[in-house]
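We have chain Z already, so just place chain U on it with the hints.
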Amino acid sequence: MRGARTAARPAPPFSPPSWRGKGGRPALRLARLLAAAVLTLGLATAARAEFAPEFRQLGLGVDAATLATDGYEGFACGTNGGPPGLTLTGWADYMKCAPEPASGLHEVYAEYGTRIGRISEMFREQFEEELWLQQYGGTRMANFPVVLSLLFDDAGIARGFRVVTDTRAAIEDRGRAYLLRQRVMPMYGDGEWDCIDRPPKPGESGVGDVFINQVCKKTLDGKYVRIETHFFRRPGQTGVDVNGQFVPGEYDSLTRWEVFDASLPAAALPA
Amino acid sequence: MIRRLALAALGALALGGAALAQGDPRADFLSGASKSCSACDLTSANLSRRDLAGAELADAILVDAVLFDANLAGADLAGADLSGADLTDADLTGASLAGARLFDTIFFRATLNLADLSDAEGQAVIFRHALLQRAKFDGAVLPFSQFEDTRLAGATAIGADFRGSSFRAVNMRALDLTGVVIIGADMSDTNLRQAKLAGADLSRSDLLRADFEGADLTGVDFSGARLLTANLRNATTTGAVFAGTLMPDGTTRPP
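Protein chains in written order, with my numbering: chain Z, 1 to 271; chain U, 1001 to 1255.
In isolation and in its complexed conformation, chain Z is listed as follows (with noise of 0.2 Å):
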């Protein structure tokens, strides 16, 4: 008789038996679930999408343990858009990277394109003519040489993306590198830029008539972008020797992109 009564009253197929255990109405249960899978789902969906990368699949959001490290090499701990410290394996490794003061974050550095850009470098070296492979090799965006980096939070997710122009690039590379700019600043759009031209501190002064010293910040889309650049001499540096000679190279020429998420405390985002 119980078994005909079961047979009458089928339990679902995909319903767990502790569901009826715990008594209620499964089909109500069933429909909260689902609408919470779906909430969730969306809600990831939704983090995942939330920013834009800024470069390639790299930027805010991206979780260290997933992101690819296809495609990138030389990872090491970032040193403020300096030259690499520790070595690591990949971004996995970035709770090796001492949190910076401000921010709390781990940078992570990684290179890509480290061949071509050594076949270029030689070819320069032999023939002192850039090779037309030289825009695809070495750590480059839009042709310029830079120092590339993450910042991940402790959980691993990315909270900060940073570029900054290698200084120590050739000085055809490095002397045009504070125009990096005009190729970053219209990814977010012309207007709403809130920028501030620092003036000459003492000994400083500017490259001819151009003197530049300038940070521009915006936030959108729940990004705080902030862009610094340099063009300027530092005390020092002349650009002429004793004998009135030139001397090429000596000036501080810069550009350095930062994206961080906007909601990070107000003292981790730079000023």
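For the record, the hints were derived by calculation from the structure and aren't laboratory data. A hint or two may mislead.
Stated by the list, open to error - DMTMM-like, lysine to aspartate or glutamate: derived pairs with alpha carbons at most 25 Å apart:
id: 1; chain 1: Z; residue 1: Lys96; chain 2: U; residue 2: Asp1028
id: 2; chain 1: Z; residue 1: Lys96; chain 2: U; residue 2: Asp1149
id: 3; chain 1: U; residue 1: Lys1196; chain 2: Z; residue 2: Asp241
id: 4; chain 1: U; residue 1: Lys1196; chain 2: U; residue 2: Asp1149
id: 5; chain 1: Z; residue 1: Lys217; chain 2: U; residue 2: Asp1189
id: 6; chain 1: U; residue 1: Lys1035; chain 2: U; residue 2: Asp1059
id: 7; chain 1: Z; residue 1: Lys96; chain 2: U; residue 2: Asp1041
id: 8; chain 1: Z; residue 1: Lys96; chain 2: U; residue 2: Asp1024
id: 9; chain 1: Z; residue 1: Lys201; chain 2: U; residue 2: Asp1051
id: 10; chain 1: U; residue 1: Lys1035; chain 2: Z; residue 2: Glu100
id: 11; chain 1: Z; residue 1: Lys96; chain 2: Z; residue 2: Glu125
id: 12; chain 1: Z; residue 1: Lys201; chain 2: U; residue 2: Glu1056
id: 13; chain 1: Z; residue 1: Lys217; chain 2: Z; residue 2: Asp197
id: 14; chain 1: Z; residue 1: Lys217; chain 2: Z; residue 2: Glu50
Okay, now just chain U, sitting in the frame of chain Z:
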């Protein structure tokens, strides 16, 4: 009993409070709360772009530290160990590096005007493109270092040892290099006009096209050096040794 326990607890709290007030100099320094960390172990520390002007880092261990673009103007780094450290683009104007250890240290395009590097010790230091005007290298021992494209106006290097180093095309006009040791160095195309080189050892160095016009070369050892097409006009060469030297006119002096 309860009173004793309470007193002990109070004592422990007071001690803990005192320890907290004293703080950890290294942690405070790394967090940016302090600029004082003498004799601290800061091996491999990332101090890039940090404002460390006037920092007290005497005898600190900064081996393999990254101080890229850091502001170290007026900092006290006397006796510090900066071996393997990268100070590219750093500002060390007026900093004291007296007696510092500088093995494989990178000062590429750094500003070291008025810096004191006297008695510094190291090897293969990279000073390329650095500003070293009125820097003091007296008694420094820095063999196999690179000084190409540096600015050395007004610098002194009395009794310093730069053997095997490269000074190619550097302007060393009127520098006081009395007793300097630059054995086996690349000094081709250097401008040494009116430089004070009395008692210096330039043996086996490449001095191709070097300009010594008006320089004091009293007692300088040029043994085995290449002085081809060098300019010795009005230079004081009293007591100078030219054994086996390839002279400006292409002749070789007997060894």
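Now the hints, each set against the structure:
no., hint, in the structure
1, Z:Lys96 x U:Asp1028, "20 Å, holds"
2, Z:Lys96 x U:Asp1149, "37 Å, violated"
3, U:Lys1196 x Z:Asp241, "20 Å, holds"
4, U:Lys1196 x U:Asp1149, "21 Å, holds"
5, Z:Lys217 x U:Asp1189, "48 Å, violated"
6, U:Lys1035 x U:Asp1059, "14 Å, holds"
7, Z:Lys96 x U:Asp1041, "18 Å, holds"
8, Z:Lys96 x U:Asp1024, "22 Å, holds"
9, Z:Lys201 x U:Asp1051, "15 Å, holds"
10, U:Lys1035 x Z:Glu100, "16 Å, holds"
11, Z:Lys96 x Z:Glu125, "37 Å, violated"
12, Z:Lys201 x U:Glu1056, "24 Å, holds"
13, Z:Lys217 x Z:Asp197, "12 Å, holds"
14, Z:Lys217 x Z:Glu50, "20 Å, holds"
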